[in-house]
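Trainee: Single-letter residue listing:
Protein chains: 2
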Amino acid sequence: MTTAKRDTYTPETLLNVAVRVFNERGYDGTSMEHLSRAAGISKSSIYHHVAGKEELLRRAVSRATDGLFRILDEPGALRGRAVERVEYVTRRTVEVLMAELPYVTLLLRVRGNTKTERWALERRREFDQRVAALLKAAVADGDLRADVDIRLATRLLFGMVNSLVEWYRPQPEAGAGGVEGVPAVDDLPGTVVRLAFEGMRAAGR
Amino acid sequence: MTTAKRDTYTPETLLNVAVRVFNERGYDGTSMEHLSRAAGISKSSIYHHVAGKEELLRRAVSRATDGLFRILDEPGALRGRAVERVEYVTRRTVEVLMAELPYVTLLLRVRGNTKTERWALERRREFDQRVAALLKAAVADGDLRADVDIRLATRLLFGMVNSLVEWYRPQPEAGAGGVEGVPAVDDLPGTVVRLAFEGMRAAGR
Chain V
1 MTTAKRDTYT
11 PETLLNVAVR
21 VFNERGYDGT
31 SMEHLSRAAG
41 ISKSSIYHHV
51 AGKEELLRRA
61 VSRATDGLFR
71 ILDEPGALRG
81 RAVERVEYVT
91 RRTVEVLMAE
101 LPYVTLLLRV
111 RGNTKTERWA
121 LERRREFDQR
131 VAALLKAAVA
141 DGDLRADVDI
151 RLATRLLFGM
161 VNSLVEWYRP
171 QPEAGAGGVE
181 GVPAVDDLPG
191 TVVRLAFEGM
201 RAAGR
Chain B
1 MTTAKRDTYT
11 PETLLNVAVR
21 VFNERGYDGT
31 SMEHLSRAAG
41 ISKSSIYHHV
51 AGKEELLRRA
61 VSRATDGLFR
71 ILDEPGALRG
81 RAVERVEYVT
91 RRTVEVLMAE
101 LPYVTLLLRV
111 RGNTKTERWA
121 LERRREFDQR
131 VAALLKAAVA
141 DGDLRADVDI
151 RLATRLLFGM
161 VNSLVEWYRP
171 QPEAGAGGVE
181 GVPAVDDLPG
191 TVVRLAFEGM
201 RAAGR
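Chains as they are written, first to last, in my numbering: chain V, 1 to 205; chain B, 1 to 205.
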């Protein structure tokens with residue numbers, strides 16, 4: 001296909017295409033030429049919508065971080081015991097990852113080579129620190145175990161949660177990498193919370 | 001520095017350089033020219049040691065997967081209740097990740113574009129399946145909770161364990177990405193096992 005499409009993009013739909021290409025080729029490895037080819041419109045048509053690829057990155061990352069930070073203002077994150085708030089935030093974080101998968105995937109793959117990438121890393125760090133503060137409060141309440149370093153627990157919790165971007169796919173696709181087949185994900189957010197907070201051991205074992 | 005070093009490499013030390021470059025640039029993005037520059041020796045000197053970059057990848061991935069599969073033949077992985085065996089394998093997997101960090105990092109970043117990469121993915125899948133089988137046996141024994149899909153539990157367990165390659169660094173370096181500072185890692189393998197199997201909740205909460 002060499003015929004250019006008529007430009008029927010909105011900033012929103014163009015962003016979808018850009019995020020897909022960024023995730024496939026890496027942000028560094030993506031040129032305006034790649035974006036133009038993927039969108040099927042000319043580079044000048046893209047420049048009609050955005051100043052360049054860094055603006056697309058900024059918009060995409062904003063969508064991911066806005067979704068994550070909004071969680072912290074929800075009633076479930078503000079009221080109740082710290083342990084309930086942190087479980088709520090964990091559950092909702094998984095839900096946002098599932099709903100905004102390509103955007104959060106991009107956020108988690110950002111390296112920090114440009115100003116926008118460094119800003120993205122900073123926002124991600126801020127979110128992690130807000131969750132770490134909740135974990136700390138829950139330890140102080142005696143609800144979470146005190147024998148694990150908070151920063152380490154935060155890393156491992158996000159390690160588990162963020163691994164979703166590697167294997168979770170909205171529509172089951174056979175053999176989509178990793179473990180054979182696609183796991184049953186009836187209640188993925190609830191399962192992550194159960195495993196992270198209660199562990200894999202059967203009760204009383 | 002444009003002066004080429006005298007070639008004092010062994011296949012082993014050349015592999016260290018190659019793995020570092022693969023992890024920095026991605027395997028796809030690494031050319032023999034990049035390897036030659038990083039090693040400070042000519043391309044023909046590299047060809048004296050190996051047939052090409054795919055051989056270097058195969059050797060590097062073998063080192064990672066050999067380390068992982070050896071765990072499964074250790075007495076702790078073969079004797080005792082399934083739950084103890086799977087906890088042993090989890091602990092040892094973390095230890096191998098820590099000891100062979102650049103090699104396992106490369107293994108976990110492989111995409112599957114070449115025959116060697118697909119073989120690496122297959123080996124990784126095999127290892128995951130061996131651990132999944134142990135988890136299944138521990139559920140059958142009643143030692144692990146039965147309300148979580150085994151494949152999902154396997155993914156989340158490895159999500160937590162494999163996240164180490166993103167943030168664990170042998171020598172603490174200030175501000176090495178992710179959460180501020182470096183978490184205390186006195187007993188990282190033990191901590192991962194405690195969190196994964198017992199969860200973050202304090203006992204009885």
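Keep in mind the hints are simulated off the structure, nothing from the lab.
Heads up, a few of these hints could be off.
With a cut-off of at most 20 Å between alpha-carbon atoms, the simulated EDC-like pairs for lysine to aspartate or glutamate come out as follows [to be verified]: (1) B:K136 <-> V:D7; (2) B:K53 <-> B:E117; (3) B:K115 <-> B:D66; (4) B:K136 <-> V:D186; (5) V:K136 <-> B:D186; (6) V:K136 <-> B:E198; (7) V:K136 <-> V:E198; (8) B:K136 <-> B:D149.
Trainee: Taken at face value, is the distance from the CA of E198 (chain V) to the CA of K136 (chain V) at most 20 Å?
Mentor: Holds, at roughly 17 Å.
Trainee: Could you grab the alpha-carbon distance between K115 (chain B) and D66 (chain B) and see if it respects the 20 Å cut-off?
Mentor: Status holds; Cα separation ~18 Å.
Trainee: Tell me if the straight-line CA distance from K136 (chain B) to D186 (chain V) falls inside 20 Å.
Mentor: 19 Å, holds
Trainee: Taking only the CA atoms, is the gap from K53 (chain B) to E117 (chain B) under or equal to 20 Å?
Mentor: 12 Å, holds
Trainee: Assess, step by step, whether the Cα of K136 (chain V) is no farther than 20 Å from the Cα of E198 (chain B), and give holds or violated.
Mentor: 18 Å, holds
Trainee: Could you grab the alpha-carbon distance between K136 (chain B) and D149 (chain B) and see if it respects the 20 Å cut-off?
Mentor: 9 Å, holds
Trainee: Given the hint that K136 (chain B) pairs with D7 (chain V), does the C-alpha gap stay at or below 20 Å?
Mentor: Given pair K136 (chain B), D7 (chain V) is violated - Cα atoms ~53 Å apart, limit 20 Å.
Trainee: Taken at face value, is the distance from the CA of D186 (chain B) to the CA of K136 (chain V) at most 20 Å?
Mentor: 19 Å, holds
Comparing the model with each earlier hint shows a violation of hint 1 alone; every other hint is respected.
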